[in-house]
Amino acid sequence: MSGSPDDSPPRGAIIIAAIAVGLLFLGWLGFYFLLFLPRGAIG
Amino acid sequence: MAESPPREPEPPTERTERRWLLAMCLLLAVMMAVVVATSLAHALHPPSNVETIDPLSLHLAGEFVENNLGAALEPDGSVTVRLLAQQYSFVPNCLILPADTSIKFRITSPDVIHGFLLVGTNVNTMVVPGFVAEVRTRFAAVGDYTMPCHEYCGLAHHDMWARVAVVPKDQFSQLGSTQRRRCAIH
Numbered sequence: 101m102s103g104s105p106d107d108s109p110p111r112g113a114i115i116i117a118a119i120a121v122g123l124l125f126l127g128w129l130g131f132y133f134l135l136f137l138p139r140g141a142i143g
Numbered sequence: 056m057a058e059s060p061p062r063e064p065e066p067p068t069e070r071t072e073r074r075w076l077l078a079m080c081l082l083l084a085v086m087m088a089v090v091v092a093t094s095l096a097h098a099l100h101p102p103s104n105v106e107t108i109d110p111l112s113l114h115l116a117g118e119f120v121e122n123n124l125g126a127a128l129e130p131d132g133s134v135t136v137r138l139l140a141q142q143y144s145f146v147p148n149c150l151i152l153p154a155d156t157s158i159k160f161r162i163t164s165p166d167v168i169h170g171f172l173l174v175g176t177n178v179n180t181m182v183v184p185g186f187v188a189e190v191r192t193r194f195a196a197v198g199d200y201t202m203p204c205h206e207y208c209g210l211a212h213h214d215m216w217a218r219v220a221v222v223p224k225d226q227f228s229q230l231g232s233t234q235r236r237r238c239a240i241h
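Chains as they are written, first to last, in our numbering: chain X, 101 to 143; chain P, 56 to 241.
Mixed in with the good hints there might be a few duds.
[What the hints assert, rightly or not] To give a feel for the contact side, a few chain X residues facing chain P, derived at Cβ under 8 Å:
1) S108
2) G112
3) I116
4) R139
5) G140
[Stated by the list, open to error] Estimated spans, in silico, between C-beta atoms of each pair:
6) X/S108 / P/H97: 43 to 49 Å
7) X/A120 / P/E129: 50 to 56 Å
8) X/R111 / P/L83: 22 to 28 Å
9) X/A113 / P/L210: 34 to 40 Å
10) P/G185 / X/L124: 37 to 43 Å
11) P/E106 / X/A120: 46 to 52 Å
12) X/F131 / P/D199: 32 to 38 Å
13) X/F125 / P/A195: 28 to 34 Å
14) X/L124 / P/R218: 33 to 39 Å
Just so you know, these hints were derived from the structure itself, not from any lab.
For every residue, glycine included, the Cβ atom is placed at its ideal position computed from N, Cα and C.
Chain X with its partners taken away, still in its complex shape (with noise of 0.2 Å):
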């Protein structure tokens, strides 16, 4: 049974949260792989 509303966790919050962090990833990889790699190594 479900317990009452204050007790539920913050939805709205975590599936903000979860989307920031997901986009700042996608970004990572892109950076990563799209420029970082394609430049080669150094040395």
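Go by the hints and put chain P onto chain X.
Below, chain P without anything else, positioned relative to chain X:
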């Protein structure tokens, strides 16, 4: 014997925070795994040449005397570039190099620490007095590349930069050894 008080149920927010922490740890683990895997697959590593030189006498004898600086064509078709980074210029401050050719930069400093960066390429290293920095690259496209010092070296650091003109391989091979050492054709 007294009974221990019943444990209070865990608040939902704590459970949520623990799950979020776990998810972030997994995300960091994935990023670390990607970096390690690609580093091993592409053999990525920082410049590792360790070679010492006397900064006080490098202009008197050896490979960094003035008439030996610039681009030199090697017997195997590759190009070796010898440069000096000094307050507040690179010597020579303009280079002509061939595209699609293995190029080795050897650079040192007679005074303070400088930075050596070729914008848009993999060339990026520090130039430390007393050591010869060595980096390799291959220019895929012809064009002009800027080469700023990116390590603060003094009051006129912002004026310390050079230019690299990358020309087609055929054009480079037609240049005389003197022309390869400066940007006379531009």
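Tested hints:
1. S108: Hint on X/S108: holds, closest Cβ of chain P at ~6 Å, below 8 Å.
2. G112: It is violated, given that the least Cβ distance between X/G112 and chain P is near 12 Å, above 8 Å.
3. I116: 12 Å, violated
4. R139: 5 Å, holds
5. G140: 4 Å, holds
6. X/S108 / P/H97: 43 to 49 Å: 47 Å, holds
7. X/A120 / P/E129: 50 to 56 Å: Taking Cβ atoms as reference, X/A120 and P/E129 lie about 52 Å apart, which means the hint holds.
8. X/R111 / P/L83: 22 to 28 Å: Given range 22 to 28 Å: holds, Cβ gap about 24 Å.
9. X/A113 / P/L210: 34 to 40 Å: Once the Cβ atoms are compared, 51 Å apart, the range 34 to 40 Å for P/L210 and X/A113 is violated.
10. P/G185 / X/L124: 37 to 43 Å: Holds, since P/G185 and X/L124 (Cβ atoms, about 42 Å apart) stay within the stated range.
11. P/E106 / X/A120: 46 to 52 Å: At 47 Å between Cβs, range holds.
12. X/F131 / P/D199: 32 to 38 Å: Cβ of X/F131 to Cβ of P/D199: about 25 Å, so the range 32 to 38 Å is violated.
13. X/F125 / P/A195: 28 to 34 Å: 29 Å, holds
14. X/L124 / P/R218: 33 to 39 Å: With a Cβ separation near 37 Å, X/L124 and P/R218 satisfy 33 to 39 Å, so the hint holds.
When the structure is compared with the earlier hints, violations turn up for hints 2, 3, 9, 12 and for no others.
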